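J.: What follows is each chain in one-letter form.
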Amino acid sequence: MATALKQEEPNNPNPDGAENVVVRFAGDSGDGMQLTGGQFTLSTALAGNDLATFPDFPAEIRAPQGTLFGVSAFQINFGSRAIETAGDEPDVLIAMNPAALKTNVQAVRPGGLVIADEGEFGKRNLDKAHYDSNPLEDGSLAKWQLLKLNISQLTLDAVKPFGLGNKEALRCKNMWTLGLALWMFERDREPIVQWLNSKFAKMPDIAEANIAALNAGHAYGETAEISGDGLGGGHLQHHKVAAAPAEAGTYRTVTGAESISLGLVAGARLAGLPMFFGGYPITPASAILHHLSRLKEFGVTTFQAEDEIAAITAAIGASYAGSLGITSSSGPGIALKGEAMGLAIMTELPLVIVNSQRGGPSTGLPTKTEQSDLYQAVYGRNGDAPMPVIAARSPEDAFYCAIEAVRIAVQYMTPVMLLTDGYIANAAEPWKIPDVDTLERFPVSFMTEKPEGQLLPYSRDDKLKRPWIKPGTPRLMHRIGGIEKGVDTGHIEYGPANHQTMTEIRRDKVLGVADSLPDQDIAFGNAGAKLGVVGWGSTFGPIHQAVARAGKAGKDVAHVHIRNIWPLPKNLGELLKSFDRIIVPEMNTGQLKTILRDQYLVDAKPVNKVSGQPFTIAEIVAAIEENLS
Amino acid sequence: MNEMTKITTTLKDWETDQEVRWCPGCGDYAILKAVQRTMPDLGADPSNTVFISGIGCSSRFPYYMETYGFHTIHGRAPAIATGVKLANPELDVWIITGDGDALSIGGNHTMHLLRRNLDCQLMLFNNEIYGLTKGQYSPTSRQGTQSPSTPYGSVDRPASPCAFALGAGARFVARGIDIHKGLPDVLKAAHAHKGTSFIEIFQNCIVYNKDVFEEFAAKKTAADTQLHLVDGEPMLFAKGEKGITLNRNTLQLEVVDVVDGDWEAARVIVHDVTNRSVAHMLVEMQFGEFPMALGVLYDDPRPTFEAAVVAQNAAAAVGKEPDLQGLLNKGQTWTVTEGGPEL
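As given, the protein sequences belong to chains A and B, one line each in that order. Position in the first sequence (first residue = 1) + 105 = this note's numbering. Position in the second sequence (first residue = 1) + 5 = this note's numbering.
Rather than coming from a laboratory, the hints here were simulated on the basis of the structure. Keep in mind that a hint or two might mislead.
[Claimed, not checked] Chain A stretches covered by chain B per the calculated footprint, using a threshold of three residues with CB under 8 Å from any CB of chain B:
id, stretch
1, 223-229
2, 570-577
3, 583-596
[As the list claims (entries may be wrong)] Mimicking PhoX-like on lysine-lysine, the simulated pairs with C-alpha atoms at most 25 Å apart in a straight line are:
id, chain 1, residue 1, chain 2, residue 2
4, B, K199, A, K575
5, B, K325, A, K304
6, A, K555, B, K17
7, B, K11, A, K575
8, A, K537, B, K335
It should be emphasised that the depicted structure is a prediction, and the values quoted were computed from it without experimental measurement. The beta carbon of each residue, even a glycine, is placed where N, CA and C say it ideally should be.
The following block holds chain B by itself, in its conformation from the complex (with noise of 0.2 Å):
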């Protein structure tokens, strides 16, 4: 996000007059109430703000904010981003992409934005399937996902969002599911933090995948299969009960019971959002065996890629002035003159 002057608006402000065409139920509604509902919170100008999408449900996205909105081409709104922001880097620049779009025709886009760490909120909507072309397998769907090209059930397997950002540089990363309540924090720690903030947000799509992530994600159950990160907070899930510590032995994450809310004794982790070590571990735990982690899971920033752009532009240009004849005449010239050519 940007250094910039705070305004006051309210969800109305953020809406268009646009007819919103996702299909009843798609997750996708849940979302974008999410985000209109967050941006007065931030303070944010939506004169100053540009949501740049690819192809794909969630891409329809920027049509219905009342902002300035990019819809592009299939996977590339990382590198449209990339030019906005080079070109402009006041914006406040939100990509809106979907696991097709960012991990596979995308995924070059996506890792060369999160190692270059463009300032911006990538909104990674992952329904495991895609849903515009009509329900093929994506690149994050279980492997054994039947569908109109997998009859048989796919044989490959998926690739972890998360795990595929920190691999990929990135200095933030955190989950949210589409119905969440947590989902506006989520968005506001993403937009504190200058520089590629990468959101996985699981998306329930009702009519390709649906209930995909209800493992995780159904209320009834969740405070046994969520674990909601909150930096400097113990590792805590199903009501205290239960916690992730990190086995000496192995050096790998374990839950671990914990007894009477004395998780120190319990070794288990305190959440330090800085902490890349054990982000790359939050990010590879496999749910089943461990609960689904949410919130953000890791948060240090680095200088971005945009203030380095302008600095050495800057840096480069100091002394030199911007004379298009002094260019044009440089290196060895010779003059001829009516009578004839002369050194």
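In isolation and in its complexed conformation, chain A is listed as follows (with noise of 0.2 Å):
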């Protein structure tokens, strides 16, 4: 969160008694484990701690019952201190079955509390897990606290008198262990009961059998002797984390998918505009689709399309007959999309396009994130096709990126990326609402009277912006198309020394846009430090609390995360040259690293991570502290 006051140390308290715990609930895909991490994540902004959260997943929606590829997980870090990451290792594992301990278990820290449900421990959960004796037996689990419950059980035994079949009351399971979490963070269960009333409301059964389940785990942390040590150290017991320091405000958890679509409208309303919105469905970016969908009174259409090129070129067209055009996807999608951008390009229409980028190439790991589509977003396309990109650092910043990369959209005349990432978009964190009063509006005028003499539709203002002339409006019919255009009248030209003035014209327009940036800002210490840490979009947590932990212990070294990839700050350059070193710290193999070597003949060094998961702050610090040796 940006209203960060203190840095995070992983599982040691500070002197001053903040602190922050880490928790992975982890099972089936079936088990609703990212049902009970997002309520939890509710109950935990609503206590007043900072969080950042981590849904792990599967690709498949119902993978094989008890299989190791079927385990879905969902991690929270939470404190009374700023939180900027989904925290490197876990305090406290509830692991639903032999498949989720196994997969889970190794990340836990050691002396740790894990809490498995012995009852899913029978012979064919344990082969299909490939475990050859039981965990919970055979000592194997000794360097952390365990915690055998007979969850299944004690909630089949919660839920009796409702009388549902087996498998519907089972379900209740995850509702069990929530209420057992809530207890021992001792969290109210009042917004969860509100929350399962309104869910449930056409089922009000299963409402109570929920509600009873979630009281049953409560109560069972409550009233049971639970033998072995918790957290801090004694038996299990209720732990409230405080509130973490925060600024004065009204706030709301937020996911980056919510966000982007709240910016997104935001950003069409400070400009004036109707929003038309193409879409394709794909994971992890059909879920800006689904919050748009349901925003018709803020003039949002929304256009689910047979393809991504349709998504794409069915928004140039509402761009080109006066809307704010926007598709979304995530790579492979872009990739489809990419001739499209071309001819938005060279009609220069406003449009944006978001990418939630997952791991590739090709299908890749659909579920899991990457920061690997940067040359895509900066290179990819047929041409010299010049494009900002923007990337998004957290759910928070998301929904100022988009605003800006609206505005960028409609102040150039030009498509514009913004890039953000899976672990983005499903990931939670608390977000001081702004006041939108306070936000700048840059309204849109469009081209309505015929100008003295010829109608001149690739004329230009003083930022090399043309003009935008709606269909429908009189007198001002004009073709425009992807064909090389006339300078100012638009019309076919292939002359040589035309295309060589369109293509710079294209160029400079773009770079231009960073006259209209703030320059390059440190996230953490000074110009001219030892080593750079150089980092872009959603790294940004763990690089920020690394170098800060470094910096604490006396550690000459900065951190420089850039939001504007494209045009780059104008002041970037003398920037990182002021550093001895400098390292950038990405979700690829080394794309970020590539763009400023090639722009600025910097030596900067890459720090890639392509596992599909996060950095952790540990990953970073050792690459700072390998760096500084």
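Hey, can you piece these two chains together into the complex? The hints should help.
T.: Given below as structure tokens:
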């Protein structure tokens, strides 16, 4: 969160008592772990803790039960200090079956608490998880605190009065688990009860059963004699994590997909335009289409197109007709849209393209995160086809990046790529809701009157922007298209000098966007540091924490986070050259590194991770130490 | 088309100052003239008219119309038009495309345009060849077409544009010939239809596929080779001496002789443009055994896509204020004061 006052020190309370706890829920993809995590997140936010989450789920909707590849997990890091990552190592793991235990337990900090549903540890499930013996019995979990509970049976007992079938009754397991987790951290159950009542409004029996399971889990913590060391070294006990310091204001939790949708709506309103959103279902971008399709009252038209190409070309058509055209996808879909982006560049129409990046190439890792579409965003079109690129660093930041993308698109008559990723799209964090009156307006004006003499659709203002002329405007008929256009007139023109001039105009127009950008700031440390750590996108959290930790330990290190990937801020080269050494941690094989080397001839060194998982703070701390030695 | 105010224009008002860049003798010239001549008759307003095209010879068309025009990318004109029309349903939208553009690279968009029934006119210039890329066979080329990419003849069976359109859900299907004097009437009927009006126009590519339609397009033999469909009129050709009837045993169309003009005795079908079953048979009539069916084959309007979208958007917004602050504050919120957080 942007209101960082203290730095995360995972697992060790600071002397001032500030602390953070990392909890991971893991179960079968049908166990409702994402739902459990989501509700625990809401309760955490309402308790005033700062937090960050990391939902991690398989690409399959309902993978075969009990399998290792079907495990779905949700990690949350919350604390009484500012939280910027989902946490390196869980302090608490709740494992709903052997497969969940096997795939997650190695991440748990030694000495951390592992709660396992022993009701699910029968031979069949153990076999599916490839366990030769029961890990709950064979001592292999000795380095953690182990708490075995028959959650399945306890849930069945709790929901018995409601007469559900065995299968339906067991579906309430996640609420029993949530109840226990709420008790562990002294949380109020009421918001969850409200949510269950509204979610199952049409099925009151199911609502009641889930509430009963929730209450039973809570009561179990309250009354049972639980042995074994828990949090804080003693018996399992409730443990309230104090509220985190934060700026005064009204807050809510928000995921990246939500905040981008809200930012796009806000951007369109600030520009004074109706919005047209063309989308085609793709993970993890679809959530944006879902959110926007419910916001008709804001002048939003959503169009689920027949394919990715129709989604972007319909958006271009809408922009041509005077709406704000927006399209959204993930890497494979963005690849399909490439030719149409060129059309928007050539016809100089405003357009926002949101790329929720995922692991690639090809289908790659649909539900896992990566930052490997940076080349695609900056370079991925035929011809010299420059396009502004902005990258969001967090769910909160994505709101403002979306507004910025809209502003650039309409102020420069250009398509703009907004990069986010699967991690930002799904992760939730507290968000200080802005006062909309403080957001700067940038109203659009269309050409409505025929100028003196000839109509010149490709004439330009001081930003090199051409006029936006809506079809339907009397007497301003003209033709545009993807063929090279004559300077000013926009007529078909293949002449060599004309193409040289027009190519340079398109380049200079986009480079000129830098005039409207703030100088590159330093997120931590100072210019001239021995080591500059340069990042972009969702790696902000772990890089910032790692640099801050190294800085506090006396290391001469600075953190630079780049939001405007293209064009780059004007002072960036000078800033980078002030560092003795530069490293660029990225979830790819070194894409920003290449651009920085190319643009500034600096010896930027790559630090790469492409496992589908975000960086841990420790990994970046290690990279800093290595590069300072 | 739209319920727009009819305005007075002349052919000259629809011509641009751009030099037309088609090959001399190309059928596109005749189509361009037919359109420019028809627009004044429609009472259309150039300021409210948009011509949208894909890529290919035909797709240069918008540059020559003094209207709004968008020469887009290969195959995507229907999708662009969908965005244009959803953003401004008042515009009068014409899509200009070819056999490669609409049925090969853009086949998917053509199908979805038709099933959605966006209100527009789609003119498919079918010349059974790729002209602008210098003569490769196209998805409508007949089997055995020799071309630079098929020196031994094409082996794949051609698509039938009108059968494709009807199969995709088209509510208006018509056919014309580039140089045919009946083309303006087809255009007028297409414009009068609310919904996607699909018009296949046989267009002579003088360079790469010269006279490929000559068998039925030639004026000399036209009486015997062309069936001009008129709503409410019997399906007669060959100066009324032949007609189209339904064989009640095979449930297939067949050609019958009409003796002494008594078409009723010969059980010749009376054309009903709203009869979808007969339309399916008309688009499947193979030339040779049958004459080429021209004119409006099918015309039975249904509500349009953009009208449904506009209506749903309006209904969903009823009673809701576009309150951005309220939207941002939605869901469970909490307040932090200077003294610390509180719920």
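J.: Can you tell me if the stretch 570-577 of chain A counts as covered by chain B, using C-beta to C-beta distances under 8 Å and a minimum of three residues?
T.: holds (count 3)
J.: Keeping to a limit of 25 Å between CA atoms, is the pair of K199 of chain B and K575 of chain A held or broken?
T.: 23 Å, holds
J.: Please verify whether K555 of chain A and K17 of chain B have alpha carbons no more than 25 Å apart.
T.: Distance ~20 Å between K555 of chain A and K17 of chain B Cα, so the pair holds.
J.: At a Cβ distance under 8 Å, does chain B reach at least three residues of the stretch 583-596 of chain A?
T.: holds (count 7)
J.: Holds or violated: K537 of chain A and K335 of chain B, Cα atoms, limit 25 Å.
T.: It holds: about 13 Å lies between the C-alpha atoms, which stays within 25 Å.
J.: Okay, the stretch 223-229 of chain A and chain B, do three or more residues pass the C-beta test at under 8 Å?
T.: With 0 residues close enough to chain B, the hint is violated.
J.: Decide if the proposed pair is consistent with the structure: K325 of chain B and K304 of chain A, CA atoms, cutoff 25 Å inclusive.
T.: 22 Å, holds
J.: Would the pair K11 of chain B and K575 of chain A pass a check requiring their Cα atoms to be no farther apart than 25 Å?
T.: 21 Å, holds
The structure is inconsistent with hint 1 alone, although it conforms to all the rest.
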